[in-house]
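Trainee: In the order they appear, the protein sequences are chains A and B. For the first sequence, the numbering used here assigns the number 21 to the initial residue and increments by one for each residue that follows. For the second sequence, the numbering used here assigns the number 22 to the initial residue and increments by one for each residue that follows.
Since the hints were made in silico from the structure, they are not lab data. These numbers were taken from a predicted model, which means no experiment stands behind them. There's no promise every hint is true.
As the list claims (entries may be wrong) - Under the rule of at most 20 Å between Cα atoms (straight-line distance), these lysine to any residue pairs were calculated in the SDA-like manner:
hint, chain 1, residue 1, chain 2, residue 2
1, A, LYS46, B, LEU199
2, A, LYS47, B, PRO119
3, B, LYS70, A, LEU119
4, A, LYS47, B, ASN105
5, B, LYS77, A, THR158
6, A, LYS64, A, THR158
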Amino acid sequence: MKYIVVAVLLACSVALGSAVLQCEHKKPDIPSDWIDMVDPCIRKMRGQIEEELKAAMQYMAMGAHFSKDTINRPGFAKMFFEAASEEREHAIKLIRYLLMRGELTSNVSELIKRNLMPKTTSWTSAVSALKDALNLETTVTKKIREVIKVCEDNPTNYNDYHLVDYLTGDFLDEQYHGQREIAGRVSTLEKLMEKHGALGEFLFDKKILDGAV
Amino acid sequence: MSVDRPHQLHVQVWRHRHRRGVPPAVRQPPLHPLLEYLLMSTHYANYEKNRPGFEKLFRGLSDDTWKDAIELIKYITTRGGEMNFGTSALGEEDADAPNFELYELQSIAKALDMEKKLAVEAIRIHSEATRKNSKFHDPEISYHLEHEFMPKQRDIIRKLAGYTTDLSSLLDGPDSSLSLFLFDDYLTKQ
Chain A
21 MKYIVVAVLL ACSVALGSAV LQCEHKKPDI PSDWIDMVDP CIRKMRGQIE
71 EELKAAMQYM AMGAHFSKDT INRPGFAKMF FEAASEEREH AIKLIRYLLM
121 RGELTSNVSE LIKRNLMPKT TSWTSAVSAL KDALNLETTV TKKIREVIKV
171 CEDNPTNYND YHLVDYLTGD FLDEQYHGQR EIAGRVSTLE KLMEKHGALG
221 EFLFDKKILD GAV
Chain B
22 MSVDRPHQLH VQVWRHRHRR GVPPAVRQPP LHPLLEYLLM STHYANYEKN
72 RPGFEKLFRG LSDDTWKDAI ELIKYITTRG GEMNFGTSAL GEEDADAPNF
122 ELYELQSIAK ALDMEKKLAV EAIRIHSEAT RKNSKFHDPE ISYHLEHEFM
172 PKQRDIIRKL AGYTTDLSSL LDGPDSSLSL FLFDDYLTKQ
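Take these sequences, add in the hints, and give me the full structure.
Mentor: As structure tokens, this is what we get:
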């Protein structure tokens with residue numbers, strides 16, 4: 021299957037008689053002064069993209085776990101699969117932001133360096149998964165705060181007002197609202213399960229599935 | 022009915038790059054097609070490349086692969102199986118560091134390769150489910166592959182193959198730079 025790529029590479033690099041398949045074109049001469057993001061901040065932002073994708077994969081593992089016939093919690097599965105897609109969207113938002121600021125013109129292939137495979141893939145109960153989710157969100161929030169700190173105050177003395185505003189107003193806002201929602205669910209579910217463990221989780225799952233809680 | 026069999030389906034989406042024989046220091050972390058397409062799309066969205074059509078094409082492939090992955094996990098669980106994160110079945114990839122910053126025609130060829138690999142793997146699973154393995158016959162999996170997976174895969178492969186034909190002839194012309202601009206513009210409208 022690699023042959024096609026190899027064939028194209030060859031075709032692109034070798035002149036075939038008089039006809040040349042031209043893949044490479046003149047590099048445009050664009051002034052670069054408008055690109056004003058500084059290195060420590062860019063590095064942090066690139067790292068955050070990985071963080072968000074990692075969270076996405078972790079949520080996907082939660083969705084997979086609650087989909088199993090031996091677990092059978094379609095409400096929680098739905099909730100976690102949706103959370104996975106949301107985290108992926110966050111990563112895409114950060115990528116789009118960097119692109120807007122003139123970044124990511126190189127080393128895109130190295131954007132994802134770590135193994136993003138989820139570490140945990142099974143949970144003893146829905147409550148424990150919800151608690152893990154809350155902790156996961158808290159970690160992401162902390163990391164965003166670290167990005168903000170570095171982009172506001174760094175050795176280059178360049179305060180990236182616009183990015184900091186974007187992360188504070190947009191990302192942190194969503195994080196705090198999300199965390200409150202999960203914390204509320206942990207609370208309700210744990211209270212429900214105090215006397216009626218199995219029934220509590222069963223009912224709560226159906227409520228989530230119907231979008232009622 | 023075997024509950025193990027559906028596990029194999031995951032390999033269509035969850036490709037894991039094992040690089041046996043390569044020293045650990047230069048071994049690349051695993052990447053999924055989900056993320057590969059995302060990186061290819063990102064490359065075309067930078068201000069230097071500035072090809073919104075190609076960005077849209079790869080972003081669309083990335084979105085579809087993501088949705089398909091979730092659907093596939095759900096399907097595996099409908100068969101009493103469970104998703105196996107972190108295993109590979111598509112074998113070794115090339116030992117070079119993955120590169121997603123390619124010229125236009127190369128990137129389409131790479132996408133075509135990736136999609137063909139998925140199709141080949143699905144065909145392998147299908148043949149095992151239907152006849153190859155005498156102890157195992159699974160009409161439901163063959164139905165699922167025939168009706169859900171294959172038609173989509175056929176269309177994606179055909180579309181990408183068509184693009185490589187067009188681009189190959191366009192880039193062979195007198196003004197390939199203008200051709201690329203027009204082809205990119207065409208892609209934004211797809």
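Trainee: Which earlier hints can't be squared with this structure?
Mentor: 2, 4 and 5
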